[in-house]
Amino acid sequence: MGTSYAPIVVLVVLIAASVWLGTLAQRAMRSASFLKGYFLGNRGLGVWALALTATVQSGGTFMGFPSLVYKNGWVVALWIAGYMVVPIMSFAVLGKRLAQLSRRTGALTLPDFLRERYRSPAAGLIASIFIVIFLTVFLFAQFKAGGTIMQIALPGSADVALADQPAGGVGEDYRRGLAIFTASVVLYTLIGGFLGAVWTDLLQSVLMLIGVVILFFLVLSASGGPEAATLKGIEQVGLDYAYPPGPIGKAGPYLPLGMAAGFFIFWNFAGMGVPASVVRVMACKNTSSIRRSIVMLGVYNALIYIPLIVISICGRSLFPSLTATDEIIPRLALSTGGPLVGGIILAAPFGAVMATVSTFLVVIASGVVRDIYQRFIDAHAPERRLKWISRGTIFAAGAVSVAFTINPVENLQTYIVLGGGLAAGSFLIPVAMGLYWRRATGWGAVASMVFGAGAVALFELIPSIRLGLHPFTWSLIASLAAGLVVSLLTAPPPAEHVSTLFDAPVEPALR
Amino acid sequence: MAAPSEDPLLRSARREAVAALLVFVLALLVTLTVSYLAGYLHPRETPSFILGFPAWVFWGVICPWAGLIVFGAWFAYRYMKDEDLGRDEDGPDGD
Numbered sequence: 000m001g002t003s004y005a006p007i008v009v010l011v012v013l014i015a016a017s018v019w020l021g022t023l024a025q026r027a028m029r030s031a032s033f034l035k036g037y038f039l040g041n042r043g044l045g046v047w048a049l050a051l052t053a054t055v056q057s058g059g060t061f062m063g064f065p066s067l068v069y070k071n072g073w074v075v076a077l078w079i080a081g082y083m084v085v086p087i088m089s090f091a092v093l094g095k096r097l098a099q100l101s102r103r104t105g106a107l108t109l110p111d112f113l114r115e116r117y118r119s120p121a122a123g124l125i126a127s128i129f130i131v132i133f134l135t136v137f138l139f140a141q142f143k144a145g146g147t148i149m150q151i152a153l154p155g156s157a158d159v160a161l162a163d164q165p166a167g168g169v170g171e172d173y174r175r176g177l178a179i180f181t182a183s184v185v186l187y188t189l190i191g192g193f194l195g196a197v198w199t200d201l202l203q204s205v206l207m208l209i210g211v212v213i214l215f216f217l218v219l220s221a222s223g224g225p226e227a228a229t230l231k232g233i234e235q236v237g238l239d240y241a242y243p244p245g246p247i248g249k250a251g252p253y254l255p256l257g258m259a260a261g262f263f264i265f266w267n268f269a270g271m272g273v274p275a276s277v278v279r280v281m282a283c284k285n286t287s288s289i290r291r292s293i294v295m296l297g298v299y300n301a302l303i304y305i306p307l308i309v310i311s312i313c314g315r316s317l318f319p320s321l322t323a324t325d326e327i328i329p330r331l332a333l334s335t336g337g338p339l340v341g342g343i344i345l346a347a348p349f350g351a352v353m354a355t356v357s358t359f360l361v362v363i364a365s366g367v368v369r370d371i372y373q374r375f376i377d378a379h380a381p382e383r384r385l386k387w388i389s390r391g392t393i394f395a396a397g398a399v400s401v402a403f404t405i406n407p408v409e410n411l412q413t414y415i416v417l418g419g420g421l422a423a424g425s426f427l428i429p430v431a432m433g434l435y436w437r438r439a440t441g442w443g444a445v446a447s448m449v450f451g452a453g454a455v456a457l458f459e460l461i462p463s464i465r466l467g468l469h470p471f472t473w474s475l476i477a478s479l480a481a482g483l484v485v486s487l488l489t490a491p492p493p494a495e496h497v498s499t500l501f502d503a504p505v506e507p508a509l510r
Numbered sequence: 000m001a002a003p004s005e006d007p008l009l010r011s012a013r014r015e016a017v018a019a020l021l022v023f024v025l026a027l028l029v030t031l032t033v034s035y036l037a038g039y040l041h042p043r044e045t046p047s048f049i050l051g052f053p054a055w056v057f058w059g060v061i062c063p064w065a066g067l068i069v070f071g072a073w074f075a076y077r078y079m080k081d082e083d084l085g086r087d088e089d090g091p092d093g094d
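So the sequences go chain by chain: Y and W. Residue 94 in numbering that gives the first Met the number 0 sits at position 95 of the first sequence; the count goes up by one each step and never skips. Residue 4 in numbering that gives the first Met the number 0 sits at position 5 of the second sequence; the count goes up by one each step and never skips.
Calculated directly from the structure, the hints in this document are not laboratory data. Possibly wrong hints are sitting among the right ones.
Across the chosen pairs, the derived CB separations fall in these ranges [said to hold, decoys possible]: (1) Y:Ile464 x W:Val29: 28 to 34 Å; (2) Y:Trp387 x W:Cys62: 33 to 39 Å; (3) Y:Ala15 x W:Asp81: 48 to 54 Å; (4) Y:Arg174 x W:Val17: 48 to 54 Å; (5) Y:Ile464 x W:Glu44: 33 to 39 Å; (6) Y:Gly337 x W:Asp83: 50 to 56 Å; (7) W:Glu44 x Y:Leu488: 54 to 60 Å.
Here chain W is said to cover these stretches of chain Y; the calculated rule only asks that three of the stretch's residues, wherever they fall, bring their Cβ under 8 Å from a Cβ of chain W [claimed, not checked]: (8) 88-102; (9) 232-242; (10) 257-267; (11) 497-505.
The beta-carbon is built from N, C-alpha and C at its ideal position, and this holds for glycine as well.
Just need the whole structure built from these sequences, with the hints factored in.
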């Protein structure tokens, strides 16, 4: 069993299906211009694609998050509770208006939108630079997750999983896993662009749900249920395993009430503000897709996150002394499902990681091509050259991420929260101001981005000045204050430009 | 010449955004208050369970989550309006 090829075969089938979808997406894009097709899928996302792909599920969902539950117990249910409002917030606050204004301005990317809304090249340039940097940080964690899953799926690694030994090191298996993962995800992203990423994301979202449901019942049966598992966890960790604020570490209790509020805010506002989510809303087909996505995503989130909490609590009773806790879900999959079913379940976290990486690679490529090369180097570059630059950027971003994850980061979730916080802290307020406030100016947007990102970095680096609040909460306050003050101190935007964005279009008197 | 009127989509989007933010605040208050009273302040003893969840998780997280799924369906199908997003303008570079 330990040398079974079944898990790796299942993952290879998933990779092959993803590459195939990439080629289908490439054909589907042929009717449009390269940029609108490759970076925005011709604004054709329906309810399935929008609901199940425009969110923040990633390697963290299946590796970092279960690891937190494993270590800290039930308090992590409160840590993630903000997801209950994410569907309504993600689609009802910015959705319709963003979809409308991105069409009215012809924007294909987030920096495009900021530049055209504010008539500010500076806002566009800063957004492009921030996107490339912050999303690359986020990608490091995803590449580690992808390499780790591949490592566990490789023949021979299941021995380690079943023996409950730490295998989180950087051995030859991890490097081989990382190489296979990187080659496959970069390949299908190169081929399919945005639409390829969306379609494979959709396939993988469905796989995630199937994987979680199967694993839920397998682990429930193997562990005797969450109640028995909780009591075992209490024996190991103490009663704090079952109650908030959770176990007490070096920095104090895991989740003081202020931090619980901070994470509730973080999941919702970060979910709205990260560039990958913004771009998907810009790419939606119509308002009906936006509305129905609220319902579909609400059900989907509940079916993913609540079972994952139960699975991870039960998982601790089955693997009580795991040191590489990021690996709890892959190990449970292989130990309770056997090689074949385990491989199918393993496809869920692997799919989540692949989907995130491909989406972010496209966003990074669009930032470089559309917002840097076209704006500042050659506005009239032929389509053929833009294609090569897009693909070169995707390849380079993949190579940089691999270089930084050959010796992987230790705590996956830390990088995910940091990268997501930096990106959302920079963009949410300038986008929201641009949608709803006529008086917002380009310099206000620039200040808002700089102060938002700066506050995340400052409060992450110096925890003692947080006053009990989450760094992202400080970031929102700083970004909003800077945006408001600087907008009011600078010259108002031209009335005619604002009118085209905020007033009803004037129909010609005669046709 | 009459002053141009505000875009109707902007009006409905603003109304829906405000409603969503109010729901967010309400969910935040309910979840934190229940979790605080039933979890943070609860004496440290073997917890009671409801459907396999510690009682504070069931009342503070699971119940509000279930309620929001039902509310989300009403919000999406009854409260939000469908509107024309307008035509896709050519980008500044003619894309």
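Hints, verified against the model:
For the pair isoleucine 464 (chain Y) and valine 29 (chain W), the beta carbons lie near 30 Å from each other, so the given range of 28 to 34 Å is met. For the hinted restraint 33 to 39 Å between tryptophan 387 (chain Y) and cysteine 62 (chain W), the CB-CB distance of approximately 54 Å leaves it violated. For alanine 15 (chain Y) paired with aspartate 81 (chain W), a C-beta distance near 39 Å fails the hint of 48 to 54 Å. At about 52 Å, the CB distance of arginine 174 (chain Y) to valine 17 (chain W) agrees with the hint of 48 to 54 Å.
About 36 Å separates the C-beta atoms of isoleucine 464 (chain Y) and glutamate 44 (chain W), a value consistent with the hinted range of 33 to 39 Å. Checked against the given bound of 50 to 56 Å, the beta carbons of glycine 337 (chain Y) and aspartate 83 (chain W), roughly 53 Å apart, stay inside it. Range check, glutamate 44 (chain W) to leucine 488 (chain Y): about 57 Å between beta-carbon atoms, so the 54 to 60 Å window is met. For the segment 88-102 of chain Y, the stated coverage by chain W holds: 10 residues have a C-beta nearer than 8 Å to a C-beta of that chain, and at least 3 were required.
Counting residues of the segment 232-242 of chain Y whose C-beta lies closer than 8 Å to any C-beta of chain W gives 5; at least three are required, and the coverage claim holds. Counting residues of the segment 257-267 of chain Y whose CB falls under 8 Å from any CB of chain W gives 5; the rule of at least 3 is met. Coverage of the segment 497-505 of chain Y by chain W holds. Counting CB-CB distances below 8 Å, 6 residues qualify, and the rule asks for three or more.
In the structure shown, a violation is registered for the earlier hints numbered 2 and 3, in ascending order.
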